[in-house]
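Enquirer: Chain by chain, the residues:
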Amino acid sequence: MAQVIPGQGVQKRIKFPEYDRTKGRITSLLTGDQAIPQKNGTVLVKGARLETYKYDGVQRKVDLIMEAPACLFEFRTRVASSSGPMRVYRADGGAVLEGRGFSWQQNPSLLVISNNVRTMTKQGFSLNE
Amino acid sequence: MNNVIKHWVLLGMMTMSAGVAAVKPKAPEKTVISAENFTFNPQKNIAVYQGDVVVIDAQMDLLCDKLTIHFSDKEKAPKKPVLPTPNKSGVGTKPIESGKPAVVPMVGLGGNIDRILAEGDVEIINKKDKTRAVGGHALYTAATEILVLTINPKLYTKQGVLIGKVIEYNRITGSLSAKQAVLENDGKPKPPSDK
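So the sequences go chain by chain: A and B.
For the first sequence, this note's numbering begins at 1 and goes up steadily by one.
For the second sequence, this note's numbering begins at 1001 and goes up steadily by one.
Bear in mind the hints are in silico, worked out from the structure with no lab data behind them.
Any given hint could turn out to be false.
Think about it this way: if two alpha-carbon atoms lie no more than 20 angstroms apart in a straight line, the pair counts; the simulated DMTMM-like pairs of lysine to aspartate or glutamate are [to be verified]:
#: 1; chain 1: B; residue 1: Lys1127; chain 2: B; residue 2: Asp1057
#: 2; chain 1: A; residue 1: Lys122; chain 2: B; residue 2: Asp1121
#: 3; chain 1: A; residue 1: Lys122; chain 2: B; residue 2: Asp1129
#: 4; chain 1: B; residue 1: Lys1066; chain 2: A; residue 2: Glu98
Label-pair distances were calculated between CB atoms; the ranges are [to be verified]:
#: 5; chain 1: A; residue 1: Thr77; chain 2: B; residue 2: Gly1160; range: 36 to 44 angstroms
#: 6; chain 1: B; residue 1: Gly1160; chain 2: A; residue 2: Lys61; range: 50 to 58 angstroms
#: 7; chain 1: A; residue 1: Arg60; chain 2: B; residue 2: Gly1120; range: 57 to 65 angstroms
#: 8; chain 1: B; residue 1: Lys1158; chain 2: A; residue 2: Ser83; range: 45 to 53 angstroms
#: 9; chain 1: A; residue 1: Arg76; chain 2: B; residue 2: Lys1044; range: 23 to 31 angstroms
In this text the structure is predicted, and so the values were computed from the model without any measurement.
The C-beta atom is built at its ideal place from N, Cα and C for all residues, glycine as well.
This is chain B alone, in the form it adopts within the complex (with noise of 0.2 angstroms):
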């Protein structure tokens, strides 16, 4: 009995893992980054980027003087947020206690990222909405999933241009914040185009 058990649970386990394999993996998408120069700090734990680097992700392009990426230590790596649902009422979400991160982690380059400088005409293209950031500086954080942008930053949308003092854009929840922010919307002439 025992036996016919163990051939049963083999056969499925068999049919299973034929099924897994009939299902072809999806090929991982690249991200990739051109530059004049780079320097690599093994010890530090920073890869810097510099002149005219160029940024093509599945996400998003990113256009920028200096590129400094900061990794994490193995024991010291930030948990990645997950997805939030929303609560009851529809209004504000919760994290999910357990699951995969909400979103590939920025710019692809893995998960063992701790934050991500670019500086000097910094400029940001989404590519599933085609919104456009510009300003000086930029600062993403891979714990929070969140990215500040700074030193006069203007954000380029379908329904005018975000002018504020800081924007903040949330990967997790796609929300994006200003402070001390103007719209200017498309009845009033658009400035002209930083690059």
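Next comes chain A alone, as it looks inside the complex (with noise of 0.2 angstroms):
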């Protein structure tokens, strides 16, 4: 996978890292099929996918997963965003929810769905089940 760059070209299967820079380990990954930079310094990421990790001791686990066809990503707020559909799913498979719009913020950690919301659920959202 490669690590985009603004300014670069049309990237393939690009991956962002985010990390917990006190504790030094990844909290997030964003990756995607494709990475196609915007002239407002955002980059248009297809095929999104975003995990979120949680730890118990050094062991890392995966515990949202989400995806879109398609989202931006800012470098500068580390925010992807869409207006298009999205979903969202714990690793468990204990939850499930689907939407329309969406904005995930790192840091700190902030997931918002805009529109038709929809969760099926048997577990619930909590990161420390």
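Fit the two chains together into the complex; they arrive one by one in their own frames, and the hints show the way.
Expert: Structure, rendered in structure tokens:
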């Protein structure tokens, strides 16, 4: 996979990791099939998938997985957003969220789904389950 | 001799596991929540649904304007209450020391819910007995399994309408209690539906 640098051309199979700098460990990873730099400094990520992680001691576990056909990623704010359809699910299959339009902010972590939210759940969304 | 015992133990275990496999596990009942929008803050362990919130659960349906779910930390998670058993006199109940939780956690969201707050035109429909409760505010606390309905709460039952300052529903015992309650029976005209 390639790491996209703003100003580059279209990149395939990209990844944007996010780290907790105090603990030096990865907290989330945005991947995509394709990244197309936009004029406003954002990157259009096609086939986007974002994973958030939780830690059990030193062991890393995938917690939430977000998928969208496309989203915009802003390097400065580290915010991924889209006005299109999206889907979030827990890695353990306990819950699935669907909606239209979302924004994921890494620090502080905040997920907003703007429209037509529908949750199907067997489990909660807590990171501490 | 030891080998013979081992063989029988192994055979017994295989038979038991085959028996277990033959019993089809009951499919888990899902809960569906729909709303206009949703916000999840993992650091604060809070999820908020807003705008025409509808919760369809196996036990009950819940409608409101805003639903806030507070999740608990694993370390701080309260123990789930267990099924009460009647005492010798048959009056009152006492909890079992150990065992499975008495009821499925409310709205089926899992065992890590701390509390759920429903606000604005709250309506709760119990699917089992078809009772309907309305109010302006409802707070469910997982540790006690008690749902407290406030702000003009009303409970519509087959017997009539229970109006009180506070209506409490204990999900373990199934008991309902109301403070400063007035029961309007069927002989009197029913108040118009809030929804």
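Enquirer: Next step is simple, just say for each hint if it's right about the structure.
Expert: Hints, one by one, checked against the model:
1. Lys1127/B <-> Asp1057/B: holds (9 angstroms)
2. Lys122/A <-> Asp1121/B: Violated. Lys122/A to Asp1121/B sits at ~26 angstroms, over the 20 angstroms cutoff.
3. Lys122/A <-> Asp1129/B: violated (24 angstroms)
4. Lys1066/B <-> Glu98/A: Within the cut-off at roughly 18 angstroms; holds.
5. Thr77/A <-> Gly1160/B: 36 to 44 angstroms: violated (57 angstroms)
6. Gly1160/B <-> Lys61/A: 50 to 58 angstroms: Holds: the Cβ-Cβ distance is about 52 angstroms, inside 50 to 58 angstroms.
7. Arg60/A <-> Gly1120/B: 57 to 65 angstroms: This hint is violated: roughly 40 angstroms between Cβ atoms.
8. Lys1158/B <-> Ser83/A: 45 to 53 angstroms: holds (48 angstroms)
9. Arg76/A <-> Lys1044/B: 23 to 31 angstroms: holds (24 angstroms)
Checked against the numbered hints above, the structure violates hints 2, 3, 5 and 7; every other hint is satisfied.
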